[in-house]
Amino acid sequence: MNYKKLAQKLKLLGHPVRLQILDILRNGEVCVCHIERQLNKRQAYISQHLMALRNAGIVEDHREGLNVYYRITDEEIAQLLTFLHEGRMPATFTIIEDCPCPTCSTVHS
Numbered sequence: 001m002n003y004k005k006l007a008q009k010l011k012l013l014g015h016p017v018r019l020q021i022l023d024i025l026r027n028g029e030v031c032v033c034h035i036e037r038q039l040n041k042r043q044a045y046i047s048q049h050l051m052a053l054r055n056a057g058i059v060e061d062h063r064e065g066l067n068v069y070y071r072i073t074d075e076e077i078a079q080l081l082t083f084l085h086e087g088r089m090p091a092t093f094t095i096i097e098d099c100p101c102p103t104c105s106t107v108h109s
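Take 1 as the starting number for the sequence shown in the working numbering and just add one per residue.
Hints in this document: simulated from the structure, not taken from any laboratory. It is possible that part of the hints are untrue.
[What the hints assert, rightly or not] Between beta-carbon pairs, the in silico distance windows are: (1) F83 / A52: 18 to 24 angstroms; (2) V68 / M1: 30 to 36 angstroms; (3) T94 / D61: 38 to 44 angstroms.
Glycine included, every Cβ here is placed at the ideal spot set by N, Cα and C.
Input sequences plus hints: build the corresponding full structure.
Quick look at the structure:
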């Protein structure tokens, strides 16, 4: 086990907003605009945290049209999040009324 690399990842998880983002991503791929709405934070602020997680190899992104989607790609982190949430309700996708992401928009249509 590479403890230095693990410590760097755990340090990234020490920020509450990054933990919230990863909690949202536990369900799978999510549009950045949805993360913004759910956390009620500006896009630039969310993007900074996503960039830190992406640079660490914890998440990856892809673009579909105007939307950018993120998902967790680090299996160890995914397992850690599952472990941390044992005994709590499973992750659920929250539909947000004014969210422009394709998932929320199709529910409102």
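Comparing the hints with the structure gives:
The hinted window of 18 to 24 angstroms between F83 and A52 holds, with their beta carbons roughly 22 angstroms apart. Evaluation of the 30 to 36 angstroms hint for V68 and M1 yields a pass: the beta carbon distance comes to about 32 angstroms. Restraint check, T94 to D61: a C-beta distance of roughly 20 angstroms breaks the suggested window 38 to 44 angstroms.
In summary, the one numbered hint that this structure violates is 3.
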